[in-house]
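Visitor: One line per chain: the protein sequences are A and B, in this order.
Per our numbering, the first sequence starts with residue 983, numbered consecutively.
Per our numbering, the second sequence starts with residue 21, numbered consecutively.
Worth flagging that the hints you see were computed from the coordinates, not collected in a lab.
Keep in mind it's a predicted model, so treat the numbers as computed, not measured.
One or more of the hints may lead you astray.
Cross-link-like lysine to any residue pairs, in silico, SDA-like; alpha carbons within 20 Å at most [what the hints assert, rightly or not]:
#, chain 1, residue 1, chain 2, residue 2
1, A, Lys1003, B, Ser270
2, B, Lys51, B, Asn22
3, A, Lys1007, B, Ile281
4, B, Lys238, B, Ser270
5, A, Lys1007, A, Thr1023
6, B, Lys51, A, Phe1090
7, B, Lys51, A, Pro1086
Part of the chain B face toward chain A, derived, beta carbon under 8 Å [as the list claims (entries may be wrong)]:
#, residue
8, Ile34
9, Phe35
10, Gln163
11, Gly178
12, Phe179
13, Gln183
Ideal placement from N, C-alpha and C gives every residue a C-beta, glycine not left out.
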Amino acid sequence: MDNAKIARPNKVKDIAFRIAKATLKATFVYLLYFFAVPLLTPLFGLIPGIMETIQVFVTVYIMLMILGDLTERTIFHCFFNAARALFIVAYMVFSVGDGLISVPVDNFTLTVNLSILYTITALLGLLGLAKAIMEAVRFMSERAEGGLKP
Amino acid sequence: MNVPIRMLGIATSIFWIILIGFFASAAYSIKDLNFDFGEPQFTTTPINDLMFSIPVYIDNQGYYSLKALNLTTVFSDAEGAELSSSSTFVPVIPHGQNTTIVHNVTLSINDITEKGQQYLFNDSSLNCMVVAGLNFAELLPTQLSMNVTYPWGAPFYGFSLGQPTFTSADLSHVGVSVPLSFENHAAFDLAGNITVEFFDDDAGSVLTESQIELNVPKQTRYAETLELVIPLNAVSLSTKQSGHFNVYFSTSMFEYGPLVIPYG
Chain A
983 MDNAKIARPN KVKDIAFRIA KATLKATFVY LLYFFAVPLL TPLFGLIPGI
1033 METIQVFVTV YIMLMILGDL TERTIFHCFF NAARALFIVA YMVFSVGDGL
1083 ISVPVDNFTL TVNLSILYTI TALLGLLGLA KAIMEAVRFM SERAEGGLKP
Chain B
21 MNVPIRMLGI ATSIFWIILI GFFASAAYSI KDLNFDFGEP QFTTTPINDL
71 MFSIPVYIDN QGYYSLKALN LTTVFSDAEG AELSSSSTFV PVIPHGQNTT
121 IVHNVTLSIN DITEKGQQYL FNDSSLNCMV VAGLNFAELL PTQLSMNVTY
171 PWGAPFYGFS LGQPTFTSAD LSHVGVSVPL SFENHAAFDL AGNITVEFFD
221 DDAGSVLTES QIELNVPKQT RYAETLELVI PLNAVSLSTK QSGHFNVYFS
271 TSMFEYGPLV IPYG
């Protein structure tokens, strides 16, 4: 009975901490987006539809990040982190394709080779995936050591 | 295992912030980058080719240098056959600097006239493909390409020889006057001569020829009467009411001929 009483405030405290952490991280990412978007204004005229694409990316990224933070210390945390990392890689593959972006501007064609940027982003996504896998391994090993089911 | 995971997380976050910062600043730099093309200048080279000099103004007020700027122009005729190509390479344009590049393209008029006589006698156009490749912000190779049509002014636009008029020169010769006219629509002055052969179709031989000196500034009309003298024993005024002229053009920039112009 006493243990249950002690455990309940801890659980509430834990959930409140997770919510606070998720909110802070989401706010930070949103602020980063908020301040970076005005800098990208010259691109909006050149590449139509890029704003919508960036919005979709940021929305999905923040949602997966919030879900990952809310499910911390569960196996779902690792799943959401892995999903977020895979989403970055998949997003880059589908949006950039072969790494070349060609857009008609006035009477000329602008071709930008994003291969290097694309490779760096994909590598960062893979780094995130590696981190998610390591977290899953740690989680499973901690559970196995404690004799608990995942 | 906690420490490596945490370090990995911190490192990934730092790399993400650097990448986003770089991408945002590179995109923002585009608005401070200006390209402009000046009016092309036409000059002749020592080997009498036509040289286009196109000034390109680059104002790089962005945060990053532009590297390995390679400007290439390819001139082609209406059928797509290449007439001339030229490249200008600039290793680096530092940020915060204005740079003017003069891109020179040499066109051999002889090569152009070999492609077709319409470039000598009819105004036409040349297709020009301009490709500018550069490395923007070290990581973003960028290419600008466009197709431009340059008007081509014919140096002998509307060239014509009028109907010959025969006059009696003396007892043994006949004088032939042939009006000659054209307009120099080209971007260069014409200096040289035109040789006209008066051809006897029946005998298949040249009866006489005459040469006229030319010095025609660009965008001006030229009209002159060509005087030829034909021996009376070689031609009869009554029968020689038709035939043809062979016209040869010789200028400092090109040679062309014969242009066959029938009369009568």
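Visitor: Please go over all the hints and tell whether each is borne out by the structure.
Guide: Checked hints:
For the proposed pair Lys1003 of chain A and Ser270 of chain B, the alpha carbon gap of about 86 Å is over 20 Å, so the pair is violated. A hinted pair counts as satisfied when its Cα atoms are at most 20 Å apart, and Lys51 of chain B with Asn22 of chain B does not qualify at roughly 45 Å. For the hint linking Lys1007 of chain A to Ile281 of chain B, the alpha-carbon distance of about 86 Å lies beyond 20 Å, and the restraint is violated. With a C-alpha separation of about 17 Å, the suggested pair Lys238 of chain B and Ser270 of chain B falls inside the 20 Å cut-off, and the hint holds.
Our distance criterion of 20 Å between C-alpha atoms is broken by Lys1007 of chain A and Thr1023 of chain A, whose separation comes to about 25 Å. A threshold of 20 Å between alpha carbons decides the hint, and for Lys51 of chain B with Phe1090 of chain A the separation of about 17 Å falls inside it, so the pair holds. Using a Cα cut-off of 20 Å, the hinted pair Lys51 of chain B and Pro1086 of chain A holds, with the two alpha carbons roughly 17 Å apart. Hint status for Ile34 of chain B: violated, given a least beta-carbon distance of 10 Å to chain A, over 8 Å.
Contact between Phe35 of chain B and chain A, as hinted, is supported at the beta carbon level, the nearest pair being about 6 Å apart and thus within 8 Å. For the restraint placing Gln163 of chain B at the interface with chain A, the shortest Cβ-Cβ distance is roughly 4 Å, inside the 8 Å limit, so the hint holds. Against a cut-off of 8 Å between C-beta atoms, the interface hint on Gly178 of chain B is violated, since the closest Cβ of chain A lies about 32 Å away. Because the closest C-beta pair between Phe179 of chain B and chain A is about 34 Å apart, greater than 8 Å, the hint is violated.
A cut of 8 Å between beta carbons decides the hint on Gln183 of chain B: the least distance to chain A is about 47 Å, and the hint is violated.
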